[in-house]
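Enquirer: As a plain string of letters, each chain reads:
Protein chains: 2
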Amino acid sequence: MTGILAGLRIVEGSAFIAAPLGGMTLAQLGADVIRFDDIKGGLDNDRWPITQDGRSIYWAGLNKGKRSIAVDLRSPRGRELLSALITAPGEGAGIFTTNMPARGWLAYEALAKKRADLIALNIVGARDGSAHVDYTVNAITGFPLVTGPVDHDGPVNAVAPPWDLATAYAGAMAILAAERHRRLTGQGQRIVLPLQDMALAATSALGYIGEAVINQVDRPRFGNEIFGTFGRDFKTRDGRFVMICIFSDRHVDALAAAGGFAEAFRKVEATKGVDLKTDAGRWNARAELCALIEPWVAAHTAAEIRTALKPPKTAPMLGQHTDEILSGILGLPDHEIAKLHDDKVIGGPR
Amino acid sequence: MTGILAGLRIVEGSAFIAAPLGGMTLAQLGADVIRFDDIKGGLDNDRWPITQDGRSIYWAGLNKGKRSIAVDLRSPRGRELLSALITAPGEGAGIFTTNMPARGWLAYEALAKKRADLIALNIVGARDGSAHVDYTVNAITGFPLVTGPVDHDGPVNAVAPPWDLATAYAGAMAILAAERHRRLTGQGQRIVLPLQDMALAATSALGYIGEAVINQVDRPRFGNEIFGTFGRDFKTRDGRFVMICIFSDRHVDALAAAGGFAEAFRKVEATKGVDLKTDAGRWNARAELCALIEPWVAAHTAAEIRTALKPPKTAPMLGQHTDEILSGILGLPDHEIAKLHDDKVIGGPR
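Residue numbers (this note's numbering), protein chains in the order written: chain A, 1 to 350; chain B, 1 to 350.
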């Protein structure tokens, strides 16, 4: 595979999600990514889901496009081979990523003796070196206590692991930032990227920490509602669920048109003293909006709701818009259009 | 602020999460990131949470370290100024990121006429150009139907937005990949990054699509359990929750030691015919493991559980380990150690 990152070579000693996904992303963009594992397979070698003959679908998913080298990680000769591979010469080589403990023969100091401009990315659990996975980091952020049904007691975990995903792509970015720096200055570096720091930095970026510190409020559980604007899931007549969100003026109008809510929306605005064209207005009137939308969705199938909100662009019937076009664009009065029909000058439904 | 990306200049026309978070990350690494907005503020200008005087904490969180330029986006003169800014000369300049519709004067073709080597990142909802946010993309992945309590009917949304986070960092990575390519070849490029593609690519990487296709199974809802190994939340005596995960042999032993489960674990292995040192063994015996762990956690406070699993490294009492050291390292027999105590050669508890 060639690609935009052709010329880069990355040696990866990894397990689980963040490190292998970051490496796979670079491989998919054209880098030569060599994953090394112990001769018996790494911690994630057999991880579920597995196929009927016992091969890990999980492992396959996270390592596409890489090359694999298997070595006895306990043998001095095996370690020598990998040290040599990690520190091999070449302008785009000398890049090492790992989420295993980078100690002893894998420590930056040891490897940098063989290649002074080495770039090493070490993804760790927490800054103090303690072990963490997405699920334990997520517990620390507090998100499990604001995720899930409003009346639920206890934490609700994320199934799609947000912090592993963020760390994977941020790690890939860090490699490219360091490689740019090395190209410009000749200097390599060690990058330590803690999963926990990624999670807390993102939690801060999303305003949760600022809200707690500045406004002194503890964000409650809002179920599936999108905080600060309008969005929620609704159940359709055929037992499916649709997610309806309003993020702009245009969405308010589209929903009003689709469900025939224009008049009802005006009443909500008057009664609640809000402007539905603002995020705050929609958030403050969300109960009233839900009361309108719920029965409408419940009375229709998912396909009908989809068509109402995103009308399909089908071919028209012959002459379907004749009257609309002559009236709307040419401004012809109804009686004149009727006469043109009578005279068989124009066609289409009347 | 200086940093590893000093020398890069990025002009950003953004709203919501993915584009501004990606830009902020580059700014925090030292790039000069200039965010432009309409003179009246963008779509996310007032987004909640807000302070008591109405300033958006959300906006502040996602734009730290950037410079801001406000321009009337409808005026021809304003558009001219921004086009000139985006395409201004300079080796590290000529980079434009946006998650707004990049049409008309903001289209790549229009801007590339002024700077042929322009790099433009356009984060879109879906590949066909349709609008999406994290919440609607998440619905498409299917994750809401496998997230949340096992007995819950209906979808459970992620509160920490996984696809926005992934797209933010992947977008920042894409900018650096394109900048490397431009440095090596002189060529710029347009990058289109759909939120929906990011979500589906990550869902595939995590093995969910492979599992459905190859094994023909529909992953059910497993609540807070970590699929394919052992991990779950448990409630403590003081009403708090701890997340206990086992990802390695070492964790099995640590948990057995902390809770006195060694014998019980052996019984589980014999009864269920599993090896708890494997992921599959733990997953298949998870009900039995939970039955052991639940009462243990329920009988202790969160602090006690923490201490049991991660014994704090405190200073020892004077001579606390005298006997252990002489016996363990020097191999002295008990009667000899006793005699040394009697002779007052050594001290510490007997």
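Think of the hints as simulated: they come from the structure by calculation, not from any bench.
Be aware that a few hints might be false.
[Unchecked claim] Straight line, CA to CA, 30 Å or less: simulated DSS-like cross-link-like pairs of lysine-lysine:
(1) B/LYS344 to B/LYS310
(2) A/LYS344 to A/LYS272
(3) B/LYS267 to A/LYS277
(4) A/LYS113 to A/LYS40
(5) B/LYS267 to B/LYS277
(6) B/LYS114 to A/LYS267
(7) B/LYS344 to B/LYS267
(8) A/LYS64 to B/LYS277
(9) A/LYS277 to B/LYS114
(10) B/LYS272 to B/LYS235
(11) A/LYS344 to A/LYS313
(12) A/LYS267 to A/LYS277
(13) B/LYS344 to B/LYS235
(14) A/LYS235 to A/LYS313
(15) A/LYS272 to B/LYS64
(16) A/LYS40 to A/LYS64
(17) B/LYS339 to B/LYS277
(18) A/LYS344 to A/LYS310
(19) B/LYS313 to B/LYS344
(20) A/LYS339 to A/LYS310
(21) A/LYS40 to B/LYS272
(22) B/LYS114 to A/LYS40
(23) B/LYS40 to A/LYS40
(24) A/LYS277 to A/LYS235
Enquirer: Looking back at the numbered hints, which does the structure fail to meet, lowest number first?
Expert: 1, 2, 3, 6, 7, 9, 13, 15, 17, 18, 20, 22 and 23
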